[in-house]
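Going line by line, the protein sequences match chains P and S.
If you're matching positions, the first sequence starts at 0 in numbering that gives the first Met the number 0 and goes up one per residue.
If you're matching positions, the second sequence starts at 0 in numbering that gives the first Met the number 0 and goes up one per residue.
Just so you know, the hints here were simulated from the structure itself, not pulled from any lab data.
There's no promise every hint is true.
Stated by the list, open to error - Pair by pair, the computed Cβ-Cβ distance ranges are:
#: 1; chain 1: S; residue 1: 378; chain 2: P; residue 2: 86; range: 11 to 21 Å
#: 2; chain 1: S; residue 1: 283; chain 2: P; residue 2: 86; range: 39 to 49 Å
#: 3; chain 1: S; residue 1: 447; chain 2: P; residue 2: 195; range: 16 to 26 Å
#: 4; chain 1: S; residue 1: 22; chain 2: P; residue 2: 191; range: 19 to 29 Å
#: 5; chain 1: P; residue 1: 75; chain 2: S; residue 2: 154; range: 33 to 43 Å
#: 6; chain 1: P; residue 1: 67; chain 2: S; residue 2: 336; range: 31 to 41 Å
Claimed, not checked - Residues from chain P that face chain S, not an exhaustive set, calculated with beta carbons under 10 Å:
#: 7; residue: 7
#: 8; residue: 12
#: 9; residue: 81
#: 10; residue: 125
Note that the structure is a prediction, hence the values are computed from the model and not measured.
Just so you know, even glycine gets a beta-carbon here, dropped at the ideal spot from N, CA and C.
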Amino acid sequence: MGAVVALDTLFNGGQVWRGRPAPPAASPQPTGHAGLDAALPSGGWPEAALSEILLAGPGVGELQLVWPTLARLSAAGERIVLVAPPFVPYPQAWANAGVDLRQLSVIQASERDALWAAEQCLRSGSCGAVLCWPNKADDRALRRLQVAAETGQTLAFAWRPLSEAVNPSPAALRIAIDAKPAQLRVLKCRGGLARATPIAFAVGH
Amino acid sequence: MRWVCILFPQLALDAVLRQRPDPEEPLVLLSGPAQRRVLQAVNPAARKLGLRPGMSMTAAQAMSKGFATADYEVAEVEHWQQFLAAWAYRFSAQVSVHYPRTVVFEIESSLGLFGTWPQFEARLRQELKDLGFRHRIVAAPNPVAARVLANAYDGLVVPDGEALQHHLGQLPVDRVGLEPNVATALSRMGLRNLSQVQSLPRQALARRFEAQMLKHLDTLFGARPLALAFYLPPDRFDIRIELNFDVQSHQALLFPLRRLTGDLSAFLCGRDSGVQRFDLHLEHAGLPDTVVKVGLLSAERDAAMLFELARGRLEQVQVEAPVRGFRLRAEDLPSFIPQYQELFDDRPQQTLPWEQLRERLRARLGDDAVQGLRFQADHRPECAWQNTADKQLCTGLPSVQRPGWLLNEPQSVPEGSARILMGPERIESGWWDGGDVRRDYYLIQNRAGQQGWAWRAVGEGGPLWLQGWFA
C-alpha cells in the first residue's frame with residue numbers, strides 16, 4: 000500500500016496543520032493554589048457564584064484555601080464580609096495571610112438571620128466576597144444564595160459539613176477537604192467534568 | 000429677574016392633605032368658635048359636593064355627610080411656611096418669609112449652580128409637587144413686584160425694568176397690595192389699573208394720599224429698596240403628625256413615616272447637613288410616648304434610605320396602646336459628606352453602597368451586629384483581637400504561627416487523642432492587669448487530622464486546652 004505515509008513526514012513538511020490546545024484564559028478569580036486552578040475548568044473560582052467547601056471538622060486548612068483570594072480582593076479594595084463565623088478570626092493569622100483587616104467586616108447573627116444577611120450582602124454587590132457557614136441550610140436556601148451571588152456579581156463561599164456531600168447542591172463548585180491524607184476533591188464544577196483524582200493540598204505552617 | 004416668589008394658595012389645606020394617604024377624599028378645614036363652626040377651606044372633591052368656604056358646618060352637614068374635617072390652625076400654617084423656607088434655603092441664602100403663605104428668595108446668584116431659569120423652575124415645581132404643595136411661581140427684578148405679580152400670574156418671568164413696567168401697569172389697582180381705602184379711592188377716581196395711576200403727576204398723588212402709598216409704589220417699581228428680614232434655619236428638626244384615629248398596626252404608620260422622613264430629607268438638603276440620630280415618638284392617649292431611637296453610623300440624608308431604616312426599627316417595636324400621634328425629632332445634624340465615588344467603577348452593577356447595606360443590616364440585626372476586626376498588641380490570644388475596624392494597615396508578623404480561628408472558650412483535649420507536632424511556645428503576660436497567664440502553647444494534631452493550637456499552664460500537668468484551629 001503505497002498510500003501509507005508516515006505521519007512524521009507530513010508534520011515535518013508543514014503540510015498538515017496540527018491544532019493545538021489553546022492555553023486556558025487566565026481566570027479573573029484564581030484561587031492562588033496552582034494545583035486547584037489547573038483542575039478547575041475556569042482556572043479559578045467560578046465568578047459570581049456560590050462555591051461550597053465541605054469539611055469534616057475545623058482545622059483542616061479550610062481558611063488557607065481561600066486566604067490567597069481574600070488577600071488579593073482586599074488589596075484591590077474590595078470588602079470581605081464574614082457572616083456569623085463559627086469562631087473568632089485571629090487577626091494576626093489573617094494579616095499574616097495578607098488579608099487587609101480594614102476591608103474585613105464580621106456580622107454577628109443567629110442561624111436564621113445569617114442566611115438573610117448573607118443574601119443581602121451578596122445581592123448588594125458592594126462586597127468582594129461573602130463568607131458564610133450555613134449548617135442547616137436546605138437546597139432552597141443555597142439556591143437563594145446562588146441567585147443572590149449572580150445578581151450581585153459577588154464571590155460567595157459556604158463552609159458546610161462533609162456529610163452534606165451526598166446531598167445535591169445548587170452551588171457552582173463543590174470542594175471537599177480531606178485531612179488524612181491532606182487533599183482536595185472537586186465534587187462538582189460547573190462548566191466541566193469534575194476531576195476524579197484528588198489534588199494534594201499541603202497544609203503549611 | 001433676581002427674585003422669585005412662590006405663593007402657596009392653599010397652604011393650610013395642602014398641609015393637611017399631604018398627611019392623608021388619599022388626597023382625593025373630600026376634606027374641609029373648619030374655623031370659628033365651637034358654637035358656630037365655619038368652613039374655612041375646601042378641597043376640589045369637597046367642592047364637587049357643593050361645599051363652599053364660608054358655609055356653616057350645619058349647612059354643610061345638611062348637604063352631605065361624606066367628607067372629612069380638620070381644624071384650621073394659624074400656628075400650623077406658619078409652621079409649614081417655615082418648613083418651606085427651610086426647603087428653599089437649599090437654593091438661596093436670602094430666603095424671606097416676609098409675606099404670609101409665601102416664600103420669597105433671591106436666585107440670580109444661584110443660577111450658575113442650578114442652571115438656566117426654565118430648568119431651575121422645573122426643578123422647583125417637581126420638588127414642590129413631590130412634597131405635596133400647590134404653588135404659583137413668579138420671577139421678577141425685586142421681591143415686592145414678584146409678590147404682587149404672583150397674585151395674578153403663574154410661571155411669569157420678568158427679565159428687566161421695562162417688562163416690569165408693562166406687567167405691573169396692567170394690574171388692577173385693588174390687586175397691587177395697596178391699602179383697601181386707597182384702592183377704593185383710586186377706583187372711584189376712575190383709575191382702573193396701575194399704568195393710569197403712574198401717569199398722574201407725583202405731586203398730585205403725594206397731596207391726595209398718605210406717604211405710605213407712594214413708598215409702596217416706589218418699592219414696587221424698584222426705585223426704593225425693601226429691607227427684608229432673612230430666614231435663618233433652626234438647628235434642629237421637629238415635626239409632628241396627628242393621626243385622627245387609633246392606629247393599631249405599624250402598616251398604618253408607614254405613610255406618615257414616609258412623609259416625615261421625606262420632610263426631614265428636604266430639610267437636611269436645605270441645610271446641607273445629614274442626620275446621624277433621630278427619635279420617633281409614638282404618642283398614646285394618657286400614656287407616655289414610646290420612643291424609637293434610630294442611630295446611623297454616618298450622616299445620611301437620602302429620603303428613601305431614612306425611610307427604610309426607620310421602618311426597620313419601627314417594625315420591631317411593640318407598643319402597649321394605640322398610637323394617636325407621630326413625631327420625628329432630630330437634634331444632632333452633622334454636616335453631610337458626600338460619598339466618594341469613582342468615575343470608572345469596576346462594578347457598574349453595584350446597586351447598594353456598603354454604607355447603606357451596613358445600616359440595613361444594623362436595622363434588622365441590632366446596632367452591634369456589624370463589626371470590624373483589628374489586631375491588639377497583646378501576646379495573650381484572648382486579648383489579641385478587637386471587634387472594631389482599624390484605621391491603619393496592620394502588617395502581619397510572618398515569623399509567628401497563629402491559628403486562623405480562635406475559640407471563645409478553651410476546650411480540654413482528651414488525653415491521648417492528639418499528638419504534639421510543634422512546641423512549646425511560652426506566652427507569659429498580663430501580670431499588670433490581673434489576667435496573668437503563663438502558658439506553653441503547642442501545635443497539635445488529632446486522629447482526624449485536624450490541627451489545633453492548645454496550651455498547658457506552666458508547671459502544671461493535666462490535659463491540654465484547645466484554644467484555636469489552624470484552619
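Return the numbers of the hints above that this structure violates; sort them in rising order.
-> Failing hints, ascending: 4, 5, 7, 8.
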